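In order, the protein sequence lines correspond to chains A and B.
Position one of the first sequence corresponds to residue 1006 (this note's numbering), numbered consecutively onward.
Position one of the second sequence corresponds to residue 3 (this note's numbering), numbered consecutively onward.
Since the hints were derived computationally from the structure, they do not count as laboratory data.
Among these hints, one or two may not hold up.
[Stated by the list, open to error] Simulated restraints on C-beta separations:
no.: 1; chain 1: B; residue 1: Q126; chain 2: A; residue 2: G1157; range: 41 to 51 Å
no.: 2; chain 1: B; residue 1: W177; chain 2: A; residue 2: I1111; range: 16 to 26 Å
no.: 3; chain 1: B; residue 1: I114; chain 2: A; residue 2: E1169; range: 20 to 30 Å
no.: 4; chain 1: A; residue 1: G1157; chain 2: B; residue 2: L309; range: 50 to 60 Å
no.: 5; chain 1: B; residue 1: Q174; chain 2: A; residue 2: L1085; range: 48 to 58 Å
no.: 6; chain 1: B; residue 1: A220; chain 2: A; residue 2: Y1180; range: 47 to 57 Å
This structure is a prediction, so every number in the text was calculated from the model and none was measured.
Think of the CB as a built atom: it goes at the ideal place given N, C-alpha and C, for glycine as much as any other residue.
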Amino acid sequence: MRRLPLNLWIGGTVVGILLLMALFAPWIAPVDPLKLDLPARMQGPGGGHLLGGDEFGRDIASRLIYGARTSVGIALVTTLVAVALGLVFGTLAGFLRGLPDRAIMIFNDAFLAFPGLLLALGFMTVFGASRTGIVIALGLAYMPVVVRLVRGTVLSVRAREYVEASRVGGNSELYTMVRHVLPNCMAPVIVLATTMFGWIILSESSLSFLGLGVPPPAPSWGNMLSTARPHAAQAPHMVILPGLCIAMSLLGVNLLGDALRDWLDPKMRG
Amino acid sequence: MLRFVLSRLFSAVPTLVLVAVTIFVLMRMVPGDPATLMLGDLAEPDQVAAMRRSMGLDDPVWVQFLTWAGQILRGDFGTSIVLGDPVLPLILDRFSVSATIVLASVLLAVAIAVPLGILAAWHQDSAGDLAVIGSSTLLLSIPSFWMGLMLLLVFGLELGWLPIVGYVPFGQDAWAAARAMILPVVTIVLVEMGSIVRMARASMIEVSRLEYITHARAKGLSERAVMWRHAFRNAFAPTWTLIGLVLGSLLANIAVIETVFTIPGLGRLMIDAIYGRDYPLVQGCLLFIAFLYVMVNLLVDLVYPLLDPRVAE
């Protein structure tokens, strides 16, 4: 057993805190994140509110904690959607090969031909700015990366001897696939899912910042930054704090992703 | 070599067709009837029916697609519902703004990040290397819009050195235009530097472990000659590909920077079109950016053999 590396510790701790904040938001948050307190408008940290008030005097500390719930919730669901779809199509392509593989990969390559947020913006046009809209848009936009990884891994794993052994032993193709091929594809998928979780937190906050994500008044770190922008001069804390939360989360997820990659999949180290 | 160029050029065609089909399908999925959207909610049913006919909405889908693709090929991207102007000139006008910022930023980011990554690799595991790799991981974790807002807060509001809003066209006042571009460009440089530094460093380390480097050293070449003449040329290829990807994804993500600094660029045009349900304009922006991305990648691939001649064989 190797010693756990430092980045796994730091990344794991940050992500752990993030998950706890998301899970227990109603118990941790000092007050209701939507409660107006007009005298505390744009008040700095300290005073009546731990981290100050926003443009309507709503408690920023509570909004940040509920914002974690929003961001982490959306990112978790979206990652699951992308990974599930990616596993299904990637396995089908790698397992059936031939025509289904060609068909799936044509669609996949079409999606991959779009840069960055562009495909997600296209989907947001169709599905509208809402939580469901974000999950569908980002889930579909990130799915192709998973499809490509899973297909490649399935193709390489199915050529191994233990897969051949299972087939020779009289097991059906399907049994061999589910029992022997898929489990051996999971390590790279887990590494990708961790990194993807970070990308999705960033994408969701970008969309919310652009006004195409989580609709106000529900707090998300992205829409908090967006509404804070015009007040940056009078209340800099309104701009500093939500961004700090996003940056800390991304740093944690990136460190955890790097550590998991080194740990689970030494071949991918670069 | 010629075969490589031709095959690469031809392989871009199906990609462009797929991108066009995806966008066509996407725009068909938009809820609501396009004819009613064009005419507004108060239109009479027979007006809508006439509009549907003139828009070709009653034709079979594949006829609609071919008509549409034909128009796109002739440069007719339709007319903006909200602004009433043809879509393509609108896009090109705003694109010149975004392109200036993106190109300046990427050039600057590469000029700083690549030498930094190479130096870090050459002094692997030194204190300097750790500082470089640590700060690039940190930079990778900072969202561009927050980086922009923080720079705005410090250099625009607190210190008052640079303008906080407003975009000035270069033709109007070059000095003011350059000043207004400093913060957006610095923001993008800082945000994009992280990944380029890490890539340059990683591929340089990989190359420096190869035998021909040991051989070059054994031959008695100076460290500098080994590094630049032998290691750098082979190590740069993966970074070159990454630069293409960064350039392309910036074309889509520039909307965020343009929002922070109130710059009337292409990204902002698209976001406003999405807000205003101006579907012809949204479609035009999607097509334009996606096509541009395919073209950037094509260009990157065509230059690649100059860095690594093995690819062309």
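The hints, checked one at a time:
For the pair Q126 of chain B and G1157 of chain A, the supplied restraint of 41 to 51 Å is violated, since their beta-carbon distance comes to about 30 Å. Roughly 51 Å separates the CB atoms of W177 of chain B and I1111 of chain A, a value that falls outside the hinted 16 to 26 Å. Distance hint check: the CB atoms of I114 of chain B and E1169 of chain A are about 51 Å apart, inconsistent with the given range 20 to 30 Å. Taking 50 to 60 Å as the suggested C-beta distance range, the pair G1157 of chain A and L309 of chain B does not conform, at roughly 25 Å.
Distance hint check: the CB atoms of Q174 of chain B and L1085 of chain A are about 51 Å apart, consistent with the given range 48 to 58 Å. For the hinted restraint 47 to 57 Å between A220 of chain B and Y1180 of chain A, the CB-CB distance of approximately 55 Å keeps it satisfied.
Violated hints, listed in ascending order, are 1, 2, 3 and 4; each of the other numbered hints is respected by the structure.
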